[in-house]
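A.B. asks: Sequence:
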Amino acid sequence: MELARQFIESVPSLAGAGALAFRGVGGVATLGQSVTRWGMSFAFLAEAAASHSPKHPAIIDDMGQMSYLELRDGARALARGLQARGVRAGHNVGVLARNSRVSPLALIACAYLGASPLIMNPYSSGNQVSAILRQYKGMALVADAEYVGEIENLEGIQVILGYNPEPESLPENVSRYPGIMEVIATTDPNIPLPFRPTQHPTIIMSSGTTGTPKGVVRGVPKTPQVLGAVLPKVPWRLGGTIQLSASLFHAWGWLNLNISLLTKSTMVLRRNFDPVQAVSDCIEYRINGVVSAAVFLRDFIAELEQAENADPKVAPKVGPMEFIVSSGNAIPPSLVRTLNARFGPVVCNFYGSTEHGPIAVASGAELAEDPDRAGTVATGVRTIILDEDLNEVPAGQVGEIYSANSESMHGYLSEKDQVRSYRGMLATGDLGFFDEQGYLHVRGRADDMVIKGGENVYPRELEEFLVKQEGIADVFVKGVQNDIIADLNCYVVRDDTEAGRSLDNEAVRQLAADNLAWQNVPDHIVWCDHLPRNDAGKVVPRELPQIKQS
Numbered sequence: 001m002e003l004a005r006q007f008i009e010s011v012p013s014l015a016g017a018g019a020l021a022f023r024g025v026g027g028v029a030t031l032g033q034s035v036t037r038w039g040m041s042f043a044f045l046a047e048a049a050a051s052h053s054p055k056h057p058a059i060i061d062d063m064g065q066m067s068y069l070e071l072r073d074g075a076r077a078l079a080r081g082l083q084a085r086g087v088r089a090g091h092n093v094g095v096l097a098r099n100s101r102v103s104p105l106a107l108i109a110c111a112y113l114g115a116s117p118l119i120m121n122p123y124s125s126g127n128q129v130s131a132i133l134r135q136y137k138g139m140a141l142v143a144d145a146e147y148v149g150e151i152e153n154l155e156g157i158q159v160i161l162g163y164n165p166e167p168e169s170l171p172e173n174v175s176r177y178p179g180i181m182e183v184i185a186t187t188d189p190n191i192p193l194p195f196r197p198t199q200h201p202t203i204i205m206s207s208g209t210t211g212t213p214k215g216v217v218r219g220v221p222k223t224p225q226v227l228g229a230v231l232p233k234v235p236w237r238l239g240g241t242i243q244l245s246a247s248l249f250h251a252w253g254w255l256n257l258n259i260s261l262l263t264k265s266t267m268v269l270r271r272n273f274d275p276v277q278a279v280s281d282c283i284e285y286r287i288n289g290v291v292s293a294a295v296f297l298r299d300f301i302a303e304l305e306q307a308e309n310a311d312p313k314v315a316p317k318v319g320p321m322e323f324i325v326s327s328g329n330a331i332p333p334s335l336v337r338t339l340n341a342r343f344g345p346v347v348c349n350f351y352g353s354t355e356h357g358p359i360a361v362a363s364g365a366e367l368a369e370d371p372d373r374a375g376t377v378a379t380g381v382r383t384i385i386l387d388e389d390l391n392e393v394p395a396g397q398v399g400e401i402y403s404a405n406s407e408s409m410h411g412y413l414s415e416k417d418q419v420r421s422y423r424g425m426l427a428t429g430d431l432g433f434f435d436e437q438g439y440l441h442v443r444g445r446a447d448d449m450v451i452k453g454g455e456n457v458y459p460r461e462l463e464e465f466l467v468k469q470e471g472i473a474d475v476f477v478k479g480v481q482n483d484i485i486a487d488l489n490c491y492v493v494r495d496d497t498e499a500g501r502s503l504d505n506e507a508v509r510q511l512a513a514d515n516l517a518w519q520n521v522p523d524h525i526v527w528c529d530h531l532p533r534n535d536a537g538k539v540v541p542r543e544l545p546q547i548k549q550s
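If you count by the UniProt record's numbering, then the sequence shown holds residues 1 to 550, one letter each, in order.
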């Protein structure tokens, strides 16, 4: 009954976005057969989109363009290729790729088999990727070629290369693996796919800075309720053209990949965000929706303003936009106003996380009225604000945000990773409050975490790594969250050894880069004779040298 209620509540917004569109009686039958066979998985979404809009462009990326029919057929062929390599329902398949067709093809292929995709961050070090694959028993790996050579010990893992623009220049230990388009083109089309595979969870590796990142387990939705939470506030429409700058290896990008397929939209995907390319794509493909993050939107609007000032003919070629939706870093009110001044009140906000799924969403009109809003609590979501004693606080009072919904994670993949909870709701780690109108406002982190380039960074983890290194006697790392970009300030005391005397800024950064994720490389390094500590042994930050931030 509850699932039926959730579906019924979602119908109006789904219909408005074209998600329930079908072509004739045959289209209804295909829709029913697909959802019966594959549930609300990526396989169902690909089948439904190919049935409704076979020739409509699905993806425009650095590899070219492909239609929805080509996407579906390619994913089927890749699934057969994985199956021929031993992948079965319940097996884990690593996916390590920047934004391109590679991730959608791999995720849809996994759904055809009932395999669990292990979505990994390309910024992870080779050691981290290797540890993930070993710890979680990865059967196969679909990875952009540039990352494969950095991963040690791939023995026993079936590797398929993703984006690979220069195959002739690959080292021998990488070139021996087949490319994704080669697998699609050469796999026997008569290999039968499982009829009704049990759908297993998607595992998104949450930002990790030391050791192995945490695997967040997300189940296959039983209803489209989560989409019904977004679509009333963010006006997706059937067959739109969407600039999807949000990283597909994050939950935010993963969610919008779902919505893009559901609405049969064209996704413009670029492996690396380039504001010049972003403006050019808006002109060439008549983009009418943008899914991004504040740091990208800031650079995009700056480039657009520069281009329009240089050539007035540019202005009428960019837009109109149905929506520009931001998530990840909180979008500064000044940026909301700048974007709205150019495109109208179309800037929306999504507040959620890999662990929680959606928490609050603000429409263009709501954000234009008050750019400080995170939004109203999404349909089917429970959210409360608690003080340090776990008492619920009244409107206007700041406390820690706790939340739960059907899309909250099932848990971390490793039992060693724990999460704080209260009456079934998970702690977000964010501070915030509800105003008298019921809008959620976010005020920062409850702990020392900062967000750097869209990635969660805990300064203490870099600190604990560096203090173990030869030549370092003491270290303190402080995260400074600026308007959009965070800095890591690293205060280092050398020991009186040859190793200590040989250390310099570059050496410390290289240590971090070789062993940790990119976002944990310090931005500023200050060499100190000693660290100011109080009687309890804690560093006194106010007594540290001041650093000019980025």
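The set of hints was computed from the structure by calculation and includes no laboratory data. For every residue, glycine included, the Cβ atom is placed at its ideal position computed from N, Cα and C. Treat the hints loosely; a few may be bogus.
[What the hints assert, rightly or not] DEER-style ranges, computed between Cβ atoms:
1) Asn515 with Gln33: 48 to 56 Å
2) Ala499 with Pro345: 20 to 28 Å
3) Asp435 with Ala302: 28 to 36 Å
4) Arg286 with Phe195: 50 to 58 Å
5) Gly239 with Val467: 50 to 58 Å
A.B. asks: Given the range 48 to 56 Å, decide if the beta-carbon distance of asparagine 515 to glutamine 33 lies inside it.
C.D. replies: Once the Cβ atoms are compared, 50 Å apart, the range 48 to 56 Å for glutamine 33 and asparagine 515 holds.
A.B. asks: I want to verify a distance hint. Is the separation of the beta carbons of aspartate 435 and alanine 302 within 28 to 36 Å?
C.D. replies: holds, 31 Å
A.B. asks: Using the Cβ atoms, figure out if arginine 286 sits within 50 to 58 Å of phenylalanine 195.
C.D. replies: Since arginine 286 and phenylalanine 195 have Cβ atoms about 41 Å apart, the given range 50 to 58 Å is violated.
A.B. asks: Determine whether the Cβ-Cβ distance between alanine 499 and proline 345 falls within the hinted range of 20 to 28 Å.
C.D. replies: Because 58 Å falls outside the window, the suggested range is violated.
A.B. asks: Looking only at beta-carbon atoms, does the pair glycine 239, valine 467 fall within the given range of 50 to 58 Å?
C.D. replies: Hint holds: Cβ distance 55 Å, inside 50 to 58 Å.
Hint compliance for this structure: hints 2 and 4 are not met, and every other hint is.
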